[in-house]
Amino acid sequence: MYLFNLDRMPDLLSMVIFHELAREGVEALVIVSPEKPLISIGYFQDAHQEVDLDYIKSSGLPLFRREVGGGTTYLDENQIFYQVIYSRKNKRFPQTIRQAYEVLSEPPCRAHERFGIKVRFREVNDLVTEDGRKIGGEGGADIGECMVFVGSMLMDFDYQTMSRVAKIPDEKWRDKVYKSLEENLTTMRRELGELPNRKEVQEILIAEFQKVLGPLEKAELTPDFLRRARELERQMQKPEFLFGKRKGEVDSLKIKSGLNLIFGQHKARGGLIRTIQEVEGPSLGGTIQDLSISGDFTLIPRKSLREGLERSIIGTRREKYELFPRIAQFMESKDKEMPGVNTEDIIMALGLKD
Amino acid sequence: MEVGGYLLPDDLWYHKEHFWVRMEGDVATVGVTDFFQKLAGEISYLELPSEGDEYSQDNVVGTVETGKWVGKIYSPLSGTITEVNSEVVDEPALANRDPYGSGWLFKLKASDLSELENLFKGEAALKWMEEEIRKKAK
Chain E
1 MYLFNLDRMP DLLSMVIFHE LAREGVEALV IVSPEKPLIS IGYFQDAHQE VDLDYIKSSG
61 LPLFRREVGG GTTYLDENQI FYQVIYSRKN KRFPQTIRQA YEVLSEPPCR AHERFGIKVR
121 FREVNDLVTE DGRKIGGEGG ADIGECMVFV GSMLMDFDYQ TMSRVAKIPD EKWRDKVYKS
181 LEENLTTMRR ELGELPNRKE VQEILIAEFQ KVLGPLEKAE LTPDFLRRAR ELERQMQKPE
241 FLFGKRKGEV DSLKIKSGLN LIFGQHKARG GLIRTIQEVE GPSLGGTIQD LSISGDFTLI
301 PRKSLREGLE RSIIGTRREK YELFPRIAQF MESKDKEMPG VNTEDIIMAL GLKD
Chain B
355 MEVGGYLLPD DLWYHKEHFW VRMEGDVATV GVTDFFQKLA GEISYLELPS EGDEYSQDNV
415 VGTVETGKWV GKIYSPLSGT ITEVNSEVVD EPALANRDPY GSGWLFKLKA SDLSELENLF
475 KGEAALKWME EEIRKKAK
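If you're matching them up, the sequences are chains E and B in order.
Counted from 1, the first sequence has number 298 at position 298 by this note's numbering; the numbering is strictly sequential.
Counted from 1, the second sequence has number 418 at position 64 by this note's numbering; the numbering is strictly sequential.
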């Protein structure tokens, strides 16, 4: 297996390399950071729904759609990416997704530990600290004849830009996104009190991967390979690929494994109702930890929104049958007026259809 | 039947990448096996072929995302796609909850029934599944 320790590469190219290596069936460990920031969306994401495209355009942030799963991520040089590419036929390496996550998460966990940060792999695909905060996300894909496992070491993270990049239905929730990220996502810098040395992180990470993958042969990208990678970059930047996905109406933002912000909206007769829900556990059936409802509907008195409706929903499982009686109880109470909105409208605004 | 805790209905044919086939005449209904959905975990997205698309046996016809991993969906037989399960596209978790029922993926009109010989059924399916469990579900 080859080792491509690429240090920093131009933004999009830094993420294209592993796609091209996999297409060509080259077994390798790639270590790389983008020279300049970029936004990466998961294969199944709809860029129009997930990303504030106007913002990233005005900020000069390029958009990349990877062939790996997961959500929107902000990438910059303070993240060191590892990508393991191996043939599906190579029985020396994990043959299932679960095995791949378990086995190949060990090296980054141990690398963190060598810096004094206790990190463990938590199913399905997060690296978390002892107090449960995410310090790395992982993903993967079958590309060509290869299995590709990817992840990153967060030396530091720009929470502000990440929270700004996500497209959310109501700007006033931007701060909620930021706070949720800051509370649930940590970095090596935050854990250590200082930014670790880049070279040291790279070398320790490689050494730990070698323990699992076996000896790695140092290699460099040839001009011919780079030409092919540039061609692939051009293909992956075509609008039909970049914007090729369309999803349903309800949107969500994954903060970490098992914690999502879910956005919903519904046009009731009495006006538009928008919701943002912080849900712990599965999107359907998990617990609504926090909730904010807004819109142009009428509710008198306004304070009953937080004290009545939102409180009746917070702490409840995100299941229609659990929510319905609680909402109905609020809607039937006589000390408020909410014309043109019924219980079913609120259920719809929470993104729970029949 | 059940093998090692994984459902493996007797009347189906099985492709090595863990897709099942139910034959009705020359129309094959295709879905993921119980083993596939249990090992993969929650299926979050599916990208399925379109009606009228033609594929050869073992061709990649779509993709599936589970736990941030994008995997491939294969055609167990050669033929033309006649129907796609739009419900499972809208709600991919159906393939977890009911892999052999409402979580089916697509139907295709098979062009060469002799290809069924390349799939597993009955005793052969049982042996194949036991080996898969030994290799992959440890």
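Since the hints were made in silico from the structure, they are not lab data.
Check before you lean on any hint, since a few could be wrong.
Said to hold, decoys possible - Here are the simulated lysine-lysine pairs, DSSO-like style, with alpha carbons at most 27 angstroms apart:
1) B:Lys463 <-> E:Lys91
2) E:Lys91 <-> B:Lys461
3) E:Lys256 <-> B:Lys392
4) E:Lys211 <-> B:Lys490
5) B:Lys481 <-> E:Lys91
6) E:Lys91 <-> B:Lys370
7) E:Lys89 <-> B:Lys490
8) E:Lys254 <-> B:Lys481
9) E:Lys256 <-> B:Lys426
10) E:Lys89 <-> B:Lys481
11) B:Lys370 <-> E:Lys89
12) E:Lys91 <-> B:Lys475
13) E:Lys267 <-> E:Lys167
14) B:Lys475 <-> E:Lys256
15) B:Lys489 <-> E:Lys89
16) B:Lys426 <-> E:Lys238
17) B:Lys426 <-> E:Lys254
18) E:Lys91 <-> B:Lys392
19) E:Lys211 <-> B:Lys489
20) B:Lys463 <-> E:Lys89
21) E:Lys254 <-> E:Lys176
22) B:Lys392 <-> E:Lys89
23) B:Lys489 <-> B:Lys370
24) B:Lys489 <-> E:Lys320
25) B:Lys392 <-> B:Lys481
26) E:Lys320 <-> B:Lys392
Given the structure is predicted, the values throughout are model-derived calculations rather than measurements.
Against the structure, the hints come out as follows:
1. B:Lys463 <-> E:Lys91: With a Cα-Cα distance of about 35 angstroms, the restraint between Lys463 of chain B and Lys91 of chain E is violated, given a limit of 27 angstroms.
2. E:Lys91 <-> B:Lys461: Between Lys91 of chain E and Lys461 of chain B the Cα gap is close to 32 angstroms, so the pair fails against 27 angstroms, i.e. violated.
3. E:Lys256 <-> B:Lys392: The given pair, whose Cα atoms are some 22 angstroms apart, holds under the 27 angstroms limit.
4. E:Lys211 <-> B:Lys490: Satisfied, since the Cα-Cα distance of roughly 22 angstroms is no more than 27 angstroms.
5. B:Lys481 <-> E:Lys91: With Cα atoms ~20 angstroms apart, Lys481 of chain B and Lys91 of chain E stay inside 27 angstroms; holds.
6. E:Lys91 <-> B:Lys370: The given pair, whose Cα atoms are some 16 angstroms apart, holds under the 27 angstroms limit.
7. E:Lys89 <-> B:Lys490: With a Cα-Cα distance of about 14 angstroms, the restraint between Lys89 of chain E and Lys490 of chain B holds, given a limit of 27 angstroms.
8. E:Lys254 <-> B:Lys481: 40 angstroms, violated
9. E:Lys256 <-> B:Lys426: 25 angstroms, holds
10. E:Lys89 <-> B:Lys481: 20 angstroms, holds
11. B:Lys370 <-> E:Lys89: Holds, because 13 angstroms separates the two Cα atoms, which is no more than 27 angstroms.
12. E:Lys91 <-> B:Lys475: Holds, at roughly 25 angstroms.
13. E:Lys267 <-> E:Lys167: 19 angstroms, holds
14. B:Lys475 <-> E:Lys256: Given pair Lys475 of chain B, Lys256 of chain E is violated - Cα atoms ~41 angstroms apart, limit 27 angstroms.
15. B:Lys489 <-> E:Lys89: 13 angstroms, holds
16. B:Lys426 <-> E:Lys238: Answer holds: Lys426 of chain B to Lys238 of chain E is near 22 angstroms, not above 27 angstroms.
17. B:Lys426 <-> E:Lys254: At roughly 23 angstroms apart (the allowed maximum being 27 angstroms), Lys254 of chain E and Lys426 of chain B satisfy the hint.
18. E:Lys91 <-> B:Lys392: 21 angstroms, holds
19. E:Lys211 <-> B:Lys489: 22 angstroms, holds
20. B:Lys463 <-> E:Lys89: Violated, at about 30 angstroms.
21. E:Lys254 <-> E:Lys176: Holds: Lys254 of chain E and Lys176 of chain E sit about 13 angstroms apart, inside 27 angstroms.
22. B:Lys392 <-> E:Lys89: 22 angstroms, holds
23. B:Lys489 <-> B:Lys370: 13 angstroms, holds
24. B:Lys489 <-> E:Lys320: Measuring from Cα to Cα gives roughly 41 angstroms; hence the hint is violated.
25. B:Lys392 <-> B:Lys481: Holds: Lys392 of chain B and Lys481 of chain B sit about 19 angstroms apart, inside 27 angstroms.
26. E:Lys320 <-> B:Lys392: Given that 27 angstroms is the threshold and the Cα spacing comes to 26 angstroms, the pair holds.
In terms of the numbered hints stated before, the structure departs from hints 1, 2, 8, 14, 20 and 24, listed from lowest to highest.
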